[in-house]
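Visitor: Chain by chain, the residues:
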Amino acid sequence: MSNKYLLEIGVEEMPARFVKSTLEQMKNYTINLLENERIEFEEVKLNSTPRRLVLLIDGLAERQKDLKEVVKGPSKKIAFDEEGNPTKALEGFMRGQGISLDDIFLQEHNGEEYVYVNKVKEGKFVEDILKENMPNMIKSISFPKSMKWGGKNLRFARPIRWILSMLNDRVVEFDLEGIVASNITRGHRFLGSSHIEIENVDEYVPKLKENYVIVDANIRKEKIKYGCEKLAREKGGNILQDEALLDEITNIVEYPTPIIGRIKEEYLELPKEVVITPMKEHQRYFPVVDDKKRLLPYFITVRNGNEDYIDMVIKGNEKVIGARLEDAKFFFNEDKKEPLENCVERLKDIVFQEKLGTLYDKTIRIQKLAVKIGNYLEVGEETAKNIERAGYLSKADLVTKMVDEFTELQGVMGREYAKISGENEITSLAIYEQYLPRYAGDELPTTTAGAVLSIADKLDTIAGCFAIGIQPTGSQDPYGLRRQALGIINIILDKKLNLSLGELIDFALYIYVEENGLAFDYNQVKGDILEFFNGRIKNMFIDMGIRYDIVDAILATGIDDVFDMKLRADKLNTWLNKEELNDILQAFNRVKTLADKSETNEVKRDLLVEKEEIRLYETFNIVEEKVIASLNKKEYDKALDYMISLKEPIDSFFDNVMVMVEDEKIKYNRLGLIRKISDTMLMICDLSKIVSK
Amino acid sequence: MYFQELMLKLLEYWGSKGCIILEPYDVEKGAGTMNPHTFLRALGPEPWKVVYVEPSRRPADARYGENPNRVYQHHQLQVILKPSPEDVQDLYLESLKAIGIEPLKHDIRFVEDNWEAPTLGAWGLGWEVWLDGMEITQFTYFQQIGSVNCDLESAELTYGLERIAMYLQDVDNIFDIQWNDRIKYGEIFKQAEYEQSVYSFEKANIESLTTLFNMYEEEARRAIEEGLVLPSYDYVLKCSHAFNVLDARGAISVTERTHYISRVRNLAKLVAQRYLKKREELGYPLLNKGGVSNE
Numbered sequence: 001m002s003n004k005y006l007l008e009i010g011v012e013e014m015p016a017r018f019v020k021s022t023l024e025q026m027k028n029y030t031i032n033l034l035e036n037e038r039i040e041f042e043e044v045k046l047n048s049t050p051r052r053l054v055l056l057i058d059g060l061a062e063r064q065k066d067l068k069e070v071v072k073g074p075s076k077k078i079a080f081d082e083e084g085n086p087t088k089a090l091e092g093f094m095r096g097q098g099i100s101l102d103d104i105f106l107q108e109h110n111g112e113e114y115v116y117v118n119k120v121k122e123g124k125f126v127e128d129i130l131k132e133n134m135p136n137m138i139k140s141i142s143f144p145k146s147m148k149w150g151g152k153n154l155r156f157a158r159p160i161r162w163i164l165s166m167l168n169d170r171v172v173e174f175d176l177e178g179i180v181a182s183n184i185t186r187g188h189r190f191l192g193s194s195h196i197e198i199e200n201v202d203e204y205v206p207k208l209k210e211n212y213v214i215v216d217a218n219i220r221k222e223k224i225k226y227g228c229e230k231l232a233r234e235k236g237g238n239i240l241q242d243e244a245l246l247d248e249i250t251n252i253v254e255y256p257t258p259i260i261g262r263i264k265e266e267y268l269e270l271p272k273e274v275v276i277t278p279m280k281e282h283q284r285y286f287p288v289v290d291d292k293k294r295l296l297p298y299f300i301t302v303r304n305g306n307e308d309y310i311d312m313v314i315k316g317n318e319k320v321i322g323a324r325l326e327d328a329k330f331f332f333n334e335d336k337k338e339p340l341e342n343c344v345e346r347l348k349d350i351v352f353q354e355k356l357g358t359l360y361d362k363t364i365r366i367q368k369l370a371v372k373i374g375n376y377l378e379v380g381e382e383t384a385k386n387i388e389r390a391g392y393l394s395k396a397d398l399v400t401k402m403v404d405e406f407t408e409l410q411g412v413m414g415r416e417y418a419k420i421s422g423e424n425e426i427t428s429l430a431i432y433e434q435y436l437p438r439y440a441g442d443e444l445p446t447t448t449a450g451a452v453l454s455i456a457d458k459l460d461t462i463a464g465c466f467a468i469g470i471q472p473t474g475s476q477d478p479y480g481l482r483r484q485a486l487g488i489i490n491i492i493l494d495k496k497l498n499l500s501l502g503e504l505i506d507f508a509l510y511i512y513v514e515e516n517g518l519a520f521d522y523n524q525v526k527g528d529i530l531e532f533f534n535g536r537i538k539n540m541f542i543d544m545g546i547r548y549d550i551v552d553a554i555l556a557t558g559i560d561d562v563f564d565m566k567l568r569a570d571k572l573n574t575w576l577n578k579e580e581l582n583d584i585l586q587a588f589n590r591v592k593t594l595a596d597k598s599e600t601n602e603v604k605r606d607l608l609v610e611k612e613e614i615r616l617y618e619t620f621n622i623v624e625e626k627v628i629a630s631l632n633k634k635e636y637d638k639a640l641d642y643m644i645s646l647k648e649p650i651d652s653f654f655d656n657v658m659v660m661v662e663d664e665k666i667k668y669n670r671l672g673l674i675r676k677i678s679d680t681m682l683m684i685c686d687l688s689k690i691v692s693k
Numbered sequence: 001m002y003f004q005e006l007m008l009k010l011l012e013y014w015g016s017k018g019c020i021i022l023e024p025y026d027v028e029k030g031a032g033t034m035n036p037h038t039f040l041r042a043l044g045p046e047p048w049k050v051v052y053v054e055p056s057r058r059p060a061d062a063r064y065g066e067n068p069n070r071v072y073q074h075h076q077l078q079v080i081l082k083p084s085p086e087d088v089q090d091l092y093l094e095s096l097k098a099i100g101i102e103p104l105k106h107d108i109r110f111v112e113d114n115w116e117a118p119t120l121g122a123w124g125l126g127w128e129v130w131l132d133g134m135e136i137t138q139f140t141y142f143q144q145i146g147s148v149n150c151d152l153e154s155a156e157l158t159y160g161l162e163r164i165a166m167y168l169q170d171v172d173n174i175f176d177i178q179w180n181d182r183i184k185y186g187e188i189f190k191q192a193e194y195e196q197s198v199y200s201f202e203k204a205n206i207e208s209l210t211t212l213f214n215m216y217e218e219e220a221r222r223a224i225e226e227g228l229v230l231p232s233y234d235y236v237l238k239c240s241h242a243f244n245v246l247d248a249r250g251a252i253s254v255t256e257r258t259h260y261i262s263r264v265r266n267l268a269k270l271v272a273q274r275y276l277k278k279r280e281e282l283g284y285p286l287l288n289k290g291g292v293s294n295e
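First to last, the protein sequences are chains A and B. Using the working numbering, the first residue of the first sequence is number 1, and each one after it goes up by one. Using the working numbering, the first residue of the second sequence is number 1, and each one after it goes up by one.
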């Protein structure tokens with residue numbers, strides 16, 4: 001059982017971002033195959049370099065497990081004649097199965113005896129199964145973007161140039177659209193041999209190492225991390241840690257050698273992001289920082305090769321980053337020549353969205369919306385002023401030379417140029433913070449002004465897109481509206497803002513009508529946006545570990561204050577855990593079902609006849625008062641405690657009082673009472689949505 | 001290595017690998033891909049191997065001859081290998097050796113980069129090739145040209161000659177490149193750079209160019225209706241250049257931009273479709289020639 005199978009798909013440089021998913025697909029396909037085919041194995045291991053995807057199956061069986069099956073033949077009556085000799089029918093069956101009389105036995109089935117035989121289907125050689133299935137495995141891999149090449153009827157991320165396929169010491173041969181599997185692999189493009197014969201699977205890793213290829217990505221990663229950190233330490237600093245960059249670099253080199261280069265000190269006078277962005281995003285360099293995270297005049301990059309001629313490589317890289325930083329310095333000095341404010345006018349030349357106007361139009365809308373939200377939150381005069389100013393300057397940096405060249409620096413340059421133009425600290429910071437959070441888990445605005453501006457920017461885009469019918473559908477979300485809605489929700493929760501989403505949407509839509517004269521079905525659009533937000537809220541709460549039925553119970557109240565919803569959800573979550581609830585929930589289920597049949601919640605005391613309904617009415621009046629008092633204090637769990645004290649009177653009401661009586665007045669009065677109870681419950685949450693255990 | 005040697009060495013190298021060596025095409029264009037020897041020949045099932053230098057005009061990149069790295073017109077050396085051979089990457093790396101770039105002394109990388117030319121309805125997958133961190137070549141496997149799927153996918157190699165020359169000659173300014181032993185790049189092109197910049201950004205007559213664009217578009221349509229593929233394509237190129245000047249001149253808003261691009265793309269598509277039909281009618285004359293190579 002110590003067989004090893006090795007498959008190496010030799011490719012031209014794979015995009016690093018595809019690697020993880022590709023290896024997962026290969027692994028899943030293979031494990032499924034082995035399990036479905038009854039093949040024993042110990043482990044399926046995956047590895048890769050930019051030029052190879054490697055699959056190793058360890059502890060692989062020689063053959064499939066035999067398949068034991070019982071085959072049913074003719075009934076005894078038909079199988080044997082009166083003398084007990086086999087009939088033609090039985091002989092035919094035995095011939096078909098390739099067995100003799102000694103192999104069969106009789107067994108009862110549905111009251112009749114039948115002929116049976118135990119059959120063992122011998123397992124096929126694993127080698128044959130691999131031969132047949134590995135091409136399909138390769139073809140089954142899907143990529144975000146794939147290509148064809150050289151007229152082959154095959155799609156892959158990049159061209160496949162060779163395939164090594166070996167079981168222990170022999171080739172498991174197959175042909176993939178003219179690419180024939182063999183035992184030949186290739187080493188490092190420049191340092192290694194382009195024709196390496198592998199005699200045994202165990203030789204693969206060491207032989208490639210001799211040829212300057214480290215197959216194990218974890219080893220490469222460690223080597224890079226350790227090497228980069230060592231170089232940085234020698235200069236008294238550390239690399240600016242970035243796990244994603246480290247992973248990317250790991251996947252673009254086969255034999256990593258970290259090197260360190262210098263930049264001119266004068267570039268350190270630029271805003272830090274201006275130096276970091278071209279280093280990381282454009283060149284895949286690690287910036288070097290000191291203990292206080294201040295940049296040092298170095299960068300670290302990783303050569304795909306060894307130490308030979310390293311000075312030449314360093315010099316080349318220094319020249320490239322030098323030219324980029326020189327550009328950045330030029331843009332910075334040019335941009336600084338005029339105050340940021342001057343850029344705002346130029347936004348009139350840039351279309352934000354055809355039907356939603358220019359970036360200038362958006363600026364004015366954001367400003368108005370932010371001011372309204374600020375007032376609504378009663379932020380105070382100082383903050384209100386900052387919000388208004390930051391709103392006006394919010395998009396100005398988009399027409400600066402720097403952002404034109406380095407789009408990733410939007411917001412960052414706004415902040416820097418605002419400071420240089422003499423805007424105050426908070427206003428400047430808010431310009432940067434309008435874009436936060438940029439992705440899931442990103443930092444959130446720290447200032448109130450930034451939080452308000454961020455909500456305004458995102459809400460303006462969401463409202464506008466919905467108003468002109470651009471809503472996210474399925475995987476289509478060209479304006480990233482889902483991400484923006486989540487951003488708004490995250491900010492609200494983080495800043496503990498009490499805001500009605502409905503009112504916010506009103507603000508945003510109203511500005512579109514007022515400023516842009518946009519025409520749309522107001523109620524429809526508003527409803528759609530609210531529903532869209534509720535969808536995000538639901539997903540997000542569930543991700544936070546809140547039960548889905550609790551989220552439903554809260555959404556059913558129609559409350560649109562996200563922070564309050566979260567508060568209720570948390571209270572309800574703990575409250576539901578401690579109570580014995582099944583009976584209670586049942587009572588409120590009945591209430592809700594009946595309440596939906598009533599149009600009003602009017603109750604006339606003098607129409608109440610039975611003692612149980614009178615008792616329910618009177619208890620309710622006391623409870624209602626307490627519930628409302630608790631709600632005002634946001635003590636939702638207490639409110640629920642009061643509410644469920646109605647269980648007993650509700651039960652005895654349902655047990656003893658007939659609601660649907662002939663006398664319409666009495667019937668509707670009783671329905672009204674039930675509706676009244678239900679309405680009060682809905683002020684907290686809809687208990688009928690809770691799923692009982 | 002002088003600039004002219006660099007061109008010659010690469011032409012010679014690819015010529016020896018079976019490419020026909022052609023001159024640039026005489027209509028102004030933004031990239032070597034737009035030359036009909038690439039745009040049209042990359043379509044259909046006929047093999048093709050070609051190399052040529054293409055002076056490429058990009059009005060928006062003009063900098064009055066003041067920027068050390070950016071110019072109105074630069075030189076691309078364009079190679080088309082159709083179908084892409086198995087060892088295309090090795091062939092490419094060998095070409096670097098031919099111009100004195102020894103891979104063992106450098107760090108050469110293939111960095112993911114997916115090429116797209118919306119005006120041509122063309123895209124492909126491939127890489128930027130980095131030499132010690134600097135992009136020197138665009139390496140693309142064409143997938144679609146003129147919005148038509150490629151039957152036989154080509155490899156396109158586009159060398160940025162100025163970048164490579166700056167590296168080889170160790171100069172920081174494009175205008176300091178030695179063209180030969182006596183003449184510098186700037187001495188040949190600086191005046192053109194300045195004047196073309198003034199024209200593109202300040203003086204181009206927006207009204208006339210807009211009219212020209214419309215006329216070129218109409219002429220392209222008329223020609224293609226007559227079944228004249230190459231004349232029609234010339235006017236598609238003219239449209240594209242007129243659009244580029246208008247764009248640099250700041251005469252085109254973002255919404256109009258998309259509209260202009262789609263107008264050129266639609267023409268390119270008509271031309272591509274008609275070209276394919278014509279080649280089919282002609283019985284794909286190059287089909288059994290192994291391209292133009294005798295390998």
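I should point out that these hints are in silico values taken from the structure, not numbers from a laboratory. Be a bit skeptical, because a hint or two may be false.
Covered stretches of chain A, as calculated for chain B (at least 3 residues, CB under 8 Å) [stated by the list, open to error]:
#	region
1	296-304
2	319-326
3	498-512
These stretches of chain B come out as covered by chain A in the derived footprint (C-beta under 8 Å, 3 or more residues) [as the list claims (entries may be wrong)]:
#	region
4	78-86
5	111-120
6	140-151
7	208-218
The beta carbon of each residue, even a glycine, is placed where N, CA and C say it ideally should be.
Visitor: Each hint should be assessed against the structure and marked as holding or not.
Guide: For each hint, the structure was consulted:
no.	hint	result
1	296-304	holds (count 3)
2	319-326	holds (count 4)
3	498-512	violated (count 0)
4	78-86	holds (count 4)
5	111-120	holds (count 3)
6	140-151	holds (count 4)
7	208-218	violated (count 0)
Violated hints for the displayed structure, listed by number in ascending order: 3 and 7.
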